[in-house]
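Using the sequences provided together with the hints, build the complete structure.
Protein chains in written order, with my numbering: chain L, 1 to 115; chain E, 1 to 112.
Calculated directly from the structure, the hints in this document are not laboratory data. Incorrect hints may have been included.
[What the hints assert, rightly or not] To give an idea of the chain E side of the interface with chain L (calculated C-beta under 7 Å), a few residues: (1) Ala-27; (2) Leu-44; (3) Phe-89; (4) Gln-98; (5) Lys-99; (6) Phe-102; (7) Gly-103; (8) Gly-105.
C-beta: ideal position from N, C-alpha, C; glycine also.
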Amino acid sequence: GAGVSQSPRYKVAKRGQDVALRCDPISGHVSLFWYQQALGQGPEFLTYFQNEAQLDKSGLPSDRFFAERPEGSVSTLKIQRTQQEDSAVYLCASSTHRGVSTEAFFGQGTRLTVV
Amino acid sequence: GNSVTQMEGPVTLSEEAFLTINCTYTATGYPSLFWYVQYPGEGLQLLLKATKADDKGSNKGFEATYRKETTSFHLEKGSVQVSDSAVYFCALGGRGFQKLVFGTGTRLLVSP
Chain L
1 GAGVSQSPRY KVAKRGQDVA LRCDPISGHV SLFWYQQALG QGPEFLTYFQ
51 NEAQLDKSGL PSDRFFAERP EGSVSTLKIQ RTQQEDSAVY LCASSTHRGV
101 STEAFFGQGT RLTVV
Chain E
1 GNSVTQMEGP VTLSEEAFLT INCTYTATGY PSLFWYVQYP GEGLQLLLKA
51 TKADDKGSNK GFEATYRKET TSFHLEKGSV QVSDSAVYFC ALGGRGFQKL
101 VFGTGTRLLV SP
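Here is the structure:
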């Protein structure tokens, strides 16, 4: 596609439910990033993939958060046993560059609300 | 660690007013600096960037100059339009920085 696509756009989950958020990066982009954006805040880094390798997951807030990119293209961010503090917009970005955070293209995000 | 500090919003201006949004940074090494914009209901878009000291990034009438001596990258526009209403994020990254580090964002509201 022309840009980074994320689905669903909106997700309401009951506390304790598991959710899966999908990101389709721009075709051929090597690098893929996940960010979490709380209301009124800037995006906070979660994790980074170079192709299928997860090179940095230092921003994942707990072991309930898990991300994968098995074929080096589509990525899924999974949150287990969701909590209210997980409510945020989850942004995906992709880039042609390896390990260089520039010219990243962002998707529209998935707004997760945990009730 | 690496961090970005932006002026708090909202910034409220009348159409055709001059805009400044302040941004300062702390970084180890030599980052590139970026301004991203988020229009209502849309994703983050790169507005402009500068890769080294004294570079000026510009786009759509917006400008920002990379000032190493003051560790700043203030965003300016000479005459804002209603369509510029959005949230603006300053960020650092680039070669040697695996991830972008964002400020908290500044909301700009422009009234006719």
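For each hint, the structure was consulted:
1. Ala-27: Interface hint status for Ala-27 of chain E: violated (12 Å vs cutoff 7 Å).
2. Leu-44: 4 Å, holds
3. Phe-89: 6 Å, holds
4. Gln-98: Check passed: Cβ of Gln-98 of chain E comes within 5 Å of chain L, closer than 7 Å.
5. Lys-99: At about 5 Å, which falls below the 7 Å cut-off, the nearest Cβ of chain L leaves the hint on Lys-99 of chain E intact, so it holds.
6. Phe-102: 4 Å, holds
7. Gly-103: It holds, given that the least Cβ distance between Gly-103 of chain E and chain L is near 5 Å, below 7 Å.
8. Gly-105: 5 Å, holds
This entry does not satisfy hint 1, going by the numbered hints stated previously; all others are met.
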